[in-house]
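Make the full structure from the sequences, and use the hints.
Taken in order, these protein sequences are the chains called Y and A. Add 446 to the 1-based position in the first sequence for the working numbering, that's all there is to it. Add 446 to the 1-based position in the second sequence for the working numbering, that's all there is to it.
Everything labelled a hint here was simulated from the structure, so no lab data went into it. Only a predicted model underlies this, so the values are computations on that prediction, with no experimental measurement involved. Heads up, some of the hints might be wrong.
What the hints assert, rightly or not - If the Cβ cut is set under 10 Å, some of the chain A residues that face chain Y in the computed set are:
hint, residue
1, 523
2, 524
3, 542
4, 695
5, 731
6, 892
7, 893
8, 897
Claimed, not checked - Okay, derived cross-link-like pairs now, DMTMM-like style, lysine to aspartate or glutamate, Cα gap no bigger than 25 Å in a straight line:
hint, chain 1, residue 1, chain 2, residue 2
9, A, 679, A, 536
10, A, 569, Y, 567
11, Y, 578, A, 482
12, A, 578, Y, 516
13, Y, 866, Y, 919
14, A, 578, Y, 579
15, Y, 702, Y, 548
16, A, 519, Y, 701
17, A, 775, A, 482
18, Y, 569, Y, 599
19, A, 510, A, 549
20, A, 551, A, 516
21, Y, 702, A, 543
22, Y, 578, A, 567
Every residue, glycine too, gets a C-beta built ideally from N, C-alpha and C.
2 protein chains.
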Amino acid sequence: MIQMILLSVTCLLILSGEVYGAPKKRKTYSELKSCDLGNLAEEIASYDTVVKDIIDYAVTGPFKGKTYNELAKFVDKFGPRPSGSQVLEDSIDYMIELTREEDIKDIITEEVKVPHWSRGEEKLTMLEPRVKDIALLGLGMSVSTPPDGITAEVIVIRNFTELENIGENNIKGKIVLYDPVFITYGKTVAYRSQGASKAAAKGAIASLVRSIAPFSINSPHTGMQTYEKNVTKIPTAAITLEDADLIRRIITRGEKVVLKLEMTSSYDDKVSRNTIIDLKGRERSDSLVIVSGHIDSWDVGQGAMDDGGGLFISWAVPVILQRLSLRPKRTVRTIFWTAEEVGLVGAYAYEKQHRNESNNINFIMESDEGTFAPLGLAVGGNQEARCIIAEILKLFQSINASTLIEEDSPGSDITVITSKGVPGASLYNDNSEYFWFHHTEGDTMNVEDEQELDQGTAFWTAVAYIIADISVDIPR
Amino acid sequence: MIQMILLSVTCLLILSGEVYGAPKKRKTYSELKSCDLGNLAEEIASYDTVVKDIIDYAVTGPFKGKTYNELAKFVDKFGPRPSGSQVLEDSIDYMIELTREEDIKDIITEEVKVPHWSRGEEKLTMLEPRVKDIALLGLGMSVSTPPDGITAEVIVIRNFTELENIGENNIKGKIVLYDPVFITYGKTVAYRSQGASKAAAKGAIASLVRSIAPFSINSPHTGMQTYEKNVTKIPTAAITLEDADLIRRIITRGEKVVLKLEMTSSYDDKVSRNTIIDLKGRERSDSLVIVSGHIDSWDVGQGAMDDGGGLFISWAVPVILQRLSLRPKRTVRTIFWTAEEVGLVGAYAYEKQHRNESNNINFIMESDEGTFAPLGLAVGGNQEARCIIAEILKLFQSINASTLIEEDSPGSDITVITSKGVPGASLYNDNSEYFWFHHTEGDTMNVEDEQELDQGTAFWTAVAYIIADISVDIPR
Numbered sequence: 447m448i449q450m451i452l453l454s455v456t457c458l459l460i461l462s463g464e465v466y467g468a469p470k471k472r473k474t475y476s477e478l479k480s481c482d483l484g485n486l487a488e489e490i491a492s493y494d495t496v497v498k499d500i501i502d503y504a505v506t507g508p509f510k511g512k513t514y515n516e517l518a519k520f521v522d523k524f525g526p527r528p529s530g531s532q533v534l535e536d537s538i539d540y541m542i543e544l545t546r547e548e549d550i551k552d553i554i555t556e557e558v559k560v561p562h563w564s565r566g567e568e569k570l571t572m573l574e575p576r577v578k579d580i581a582l583l584g585l586g587m588s589v590s591t592p593p594d595g596i597t598a599e600v601i602v603i604r605n606f607t608e609l610e611n612i613g614e615n616n617i618k619g620k621i622v623l624y625d626p627v628f629i630t631y632g633k634t635v636a637y638r639s640q641g642a643s644k645a646a647a648k649g650a651i652a653s654l655v656r657s658i659a660p661f662s663i664n665s666p667h668t669g670m671q672t673y674e675k676n677v678t679k680i681p682t683a684a685i686t687l688e689d690a691d692l693i694r695r696i697i698t699r700g701e702k703v704v705l706k707l708e709m710t711s712s713y714d715d716k717v718s719r720n721t722i723i724d725l726k727g728r729e730r731s732d733s734l735v736i737v738s739g740h741i742d743s744w745d746v747g748q749g750a751m752d753d754g755g756g757l758f759i760s761w762a763v764p765v766i767l768q769r770l771s772l773r774p775k776r777t778v779r780t781i782f783w784t785a786e787e788v789g790l791v792g793a794y795a796y797e798k799q800h801r802n803e804s805n806n807i808n809f810i811m812e813s814d815e816g817t818f819a820p821l822g823l824a825v826g827g828n829q830e831a832r833c834i835i836a837e838i839l840k841l842f843q844s845i846n847a848s849t850l851i852e853e854d855s856p857g858s859d860i861t862v863i864t865s866k867g868v869p870g871a872s873l874y875n876d877n878s879e880y881f882w883f884h885h886t887e888g889d890t891m892n893v894e895d896e897q898e899l900d901q902g903t904a905f906w907t908a909v910a911y912i913i914a915d916i917s918v919d920i921p922r
Numbered sequence: 447m448i449q450m451i452l453l454s455v456t457c458l459l460i461l462s463g464e465v466y467g468a469p470k471k472r473k474t475y476s477e478l479k480s481c482d483l484g485n486l487a488e489e490i491a492s493y494d495t496v497v498k499d500i501i502d503y504a505v506t507g508p509f510k511g512k513t514y515n516e517l518a519k520f521v522d523k524f525g526p527r528p529s530g531s532q533v534l535e536d537s538i539d540y541m542i543e544l545t546r547e548e549d550i551k552d553i554i555t556e557e558v559k560v561p562h563w564s565r566g567e568e569k570l571t572m573l574e575p576r577v578k579d580i581a582l583l584g585l586g587m588s589v590s591t592p593p594d595g596i597t598a599e600v601i602v603i604r605n606f607t608e609l610e611n612i613g614e615n616n617i618k619g620k621i622v623l624y625d626p627v628f629i630t631y632g633k634t635v636a637y638r639s640q641g642a643s644k645a646a647a648k649g650a651i652a653s654l655v656r657s658i659a660p661f662s663i664n665s666p667h668t669g670m671q672t673y674e675k676n677v678t679k680i681p682t683a684a685i686t687l688e689d690a691d692l693i694r695r696i697i698t699r700g701e702k703v704v705l706k707l708e709m710t711s712s713y714d715d716k717v718s719r720n721t722i723i724d725l726k727g728r729e730r731s732d733s734l735v736i737v738s739g740h741i742d743s744w745d746v747g748q749g750a751m752d753d754g755g756g757l758f759i760s761w762a763v764p765v766i767l768q769r770l771s772l773r774p775k776r777t778v779r780t781i782f783w784t785a786e787e788v789g790l791v792g793a794y795a796y797e798k799q800h801r802n803e804s805n806n807i808n809f810i811m812e813s814d815e816g817t818f819a820p821l822g823l824a825v826g827g828n829q830e831a832r833c834i835i836a837e838i839l840k841l842f843q844s845i846n847a848s849t850l851i852e853e854d855s856p857g858s859d860i861t862v863i864t865s866k867g868v869p870g871a872s873l874y875n876d877n878s879e880y881f882w883f884h885h886t887e888g889d890t891m892n893v894e895d896e897q898e899l900d901q902g903t904a905f906w907t908a909v910a911y912i913i914a915d916i917s918v919d920i921p922r
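Shown next as structure tokens:
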């Protein structure tokens, strides 16, 4: 903080519009902000050699292709890793063993009680005006239908205002289909997460939602939804853009659509684990720079993109630093969050358990919006914090990853911690097609690119190293 | 033909590279070809007013949106229309009625014996190294598996040369997975159409093929395959790019992959119909200009793109000419081919039945590679024929549809007729994403664009009108 006053070098916060499809609201800045870093700018610039070494090691050197290949081995071996499943626990054990093989010893896990919602049989059939199978994915925590299913007429709702204004007689006993226009994920996802209870409150007996996505090859997208208290829990599922459009067109022509929905699911609580890997700092080991991703996934696809990529670039940070004998002043901590998909459960547990140590987190980073070509960081924190990070990002021009965008609430899991005033950042990457695959059977290795993962690994490692090693703490 | 000698205007055949993903080999020309059309060029240029009238009528006038809306009503009502199904026959009746409502009287159908292959239950499960459901679509004419399915180890084959060179002991009793690199559809589809028999000849007990597509969201692509005589008929299906890659990666790591394939299907012969709609010529009604698309589809998706779009722009030709009281010298004939997907069955029947009239076909056109933004025509025929068509295409610069590409064998159904020396063309359109959706559940109205369909309708109608009305026949 004191250094701030002495500084003279200009640091630019780079402008950015709202990122297409980004899951979080981002602020758009229409003017440059300037800040003085003085001698700190020179200190940061002096890391250019180590940045180059790390990029060389990960992108063209011995680590080239390693992130992709380890990720592929992992997701091919385990497939999807839903919260509460045995396969998730097995995959956690595997990651611990993989890390130990790198001669990294400081690995602990912390137990977390997690929900275990398990999909059973799911079938949706259009009965009128003609018989047609409709692809679906039940939403997280959905209850089952009765054994004979639910057969009812559909009413199409474009937005919650329309729902509020419609007479209960028009909804009672029907299946509500939410058919919102996709704007961004953040602006549209409420129809998935809140739709069932809002429909039930008006008397609907089941609800469907147009998948929260801008593009589809008849691909349903699952995801979490939450039942409100004191409202009947009705079965709820996502259907494809194609079938939502089909049903809306038929009804718009004045015909009645009748659907039969059959779903089963089960629910219980299980114990899972957050995984914590420390590369102890050489001077201030109590001060933490955290890099993280979540190890659980939805129960479709391979969870390669969401969030296998974030998991593995965060795994690579201590591995590369260890291999290059780079030991920063502060401790670099990697966290593999558990049970993110069902409500940031691992992150909440970590925050609670470590609350009294929270001042020890100097900076926290998360990658959970894809690991496509890295472009920079989405940074939360005060202006001085952003100035320092922007100065660090200048060192990544060679891989085109120097952009800082200002984000009040970066990431997903880490919002639990940044909301307490801890500065942090999420990976800003070229993820314009992220929501084509998100929470679908298409979230597989085919979405991942070896070279982009190498760049992400290099970027993530070098940024964490510099923040953990510079003379100043990140101001808050 | 005589006019050719008198001509002086230069006509350019526009250059074109190979179209990405195009189903047919196209010739690429590295130099401009010139040809003299003389007075005919002036005559063709005089159609500029009628071209403008037709474009105005279809793109901004009373027909605006009509092609899209009629196509949507049609595919929403019937869904997929496989060869031999009752729904295909019902959809043919519907199209006849829709045409009659336009006060077009000259409509006949011609019966055709068609194959009726019907998909039953299909399930593919990876048993080793872990249990995983694998999305699949059985290929056309595939036999069923035994009731208990086929459980066997997989061998991955990249190309037919590899298959030929491999010892029979390595294949016998196994499931062959063809995993070819997608180059173009035309260059890769042999692995789908011939793979089963080639694998069976080496002792395989079932075969799978990586879907013939450049992009996927876990989307299997079905399609026709043909069993060779004197080779055991083995069950065969397509799997997704993602699962083909998964299986190859696992095997490359030295692990064994065991799959269980369960498929049922049935087969019989049925009678279907080609539909022929004539707008009789005012002077030479025995000379035909044919526009066409096929009305059958695969049994997945809606068959909106393949070939609902081609069907409806061909339907629109006589409708618009009738509405605008444009009656050309020659007869404009619209044909809705039946049973294209199972081997051009309707086209072969038509060619046989009308063989002795074949000189009456002045020019034949087909749209079966998408109805995205029209770019021009892919033209088969001699140099003089191409010169005339290229001159006509100059009239479509306002909608950017003036490109002629030279194609020895344009279209799919019409190759049956152009191979006899009849000049013809297929719609050349902006279809770079065509094979993302082709033969999948994603072939729905969501692929179609209202404005592009309007442009396609205008283009198709005006081109057919001019060719049917100009003073010269298309030379052959």
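Within 25 Å, alpha carbon to alpha carbon, are residue 578 of chain A and residue 579 of chain Y?
-> holds (22 Å)
Would you mind confirming whether the straight-line C-alpha gap from residue 679 of chain A to residue 536 of chain A stays at or under 25 Å?
-> With a Cα-Cα distance of about 32 Å, the restraint between residue 679 of chain A and residue 536 of chain A is violated, given a limit of 25 Å.
Against chain Y, run the beta carbon of residue 897 of chain A and see if the smallest gap drops under 10 Å.
-> With a closest approach of 17 Å, the residue 897 of chain A hint is violated.
Restraint check for residue 775 of chain A with residue 482 of chain A, where alpha carbons must lie at most 25 Å apart | With Cα atoms ~24 Å apart, residue 775 of chain A and residue 482 of chain A stay inside 25 Å; holds.
Please work out if residue 578 of chain Y and residue 567 of chain A have their alpha carbons no farther apart than 25 Å.
-> Holds - the C-alpha atoms of residue 567 of chain A and residue 578 of chain Y are around 15 Å apart, at most 25 Å.
Is the Cα-Cα distance between residue 702 of chain Y and residue 543 of chain A 25 Å or less?
-> holds (23 Å)
Holds or violated: residue 551 of chain A to residue 516 of chain A, with C-alpha atoms at most 25 Å apart = Answer holds: residue 551 of chain A to residue 516 of chain A is near 20 Å, not above 25 Å.
25 Å Cα cutoff - pair residue 569 of chain Y, residue 599 of chain Y = Distance ~16 Å between residue 569 of chain Y and residue 599 of chain Y Cα, so the pair holds.
Residue 578 of chain A and residue 516 of chain Y: Cα distance at most 25 Å?
-> holds (20 Å)
With a cut-off of 10 Å on the beta carbons, see whether residue 695 of chain A makes it to chain Y.
-> holds (6 Å)
With a cut-off of 25 Å on the C-alpha distance, tell me whether residue 702 of chain Y and residue 548 of chain Y pass.
-> Cα-Cα ~62 Å, so violated.
Does the CB of residue 731 of chain A sit less than 10 Å away from some CB of chain Y?
-> Violated: closest Cβ of chain Y sits about 38 Å from residue 731 of chain A, beyond 10 Å.
Hint violations for this structure: numbers 3, 5, 8, 9, 11 and 15, all remaining hints satisfied.
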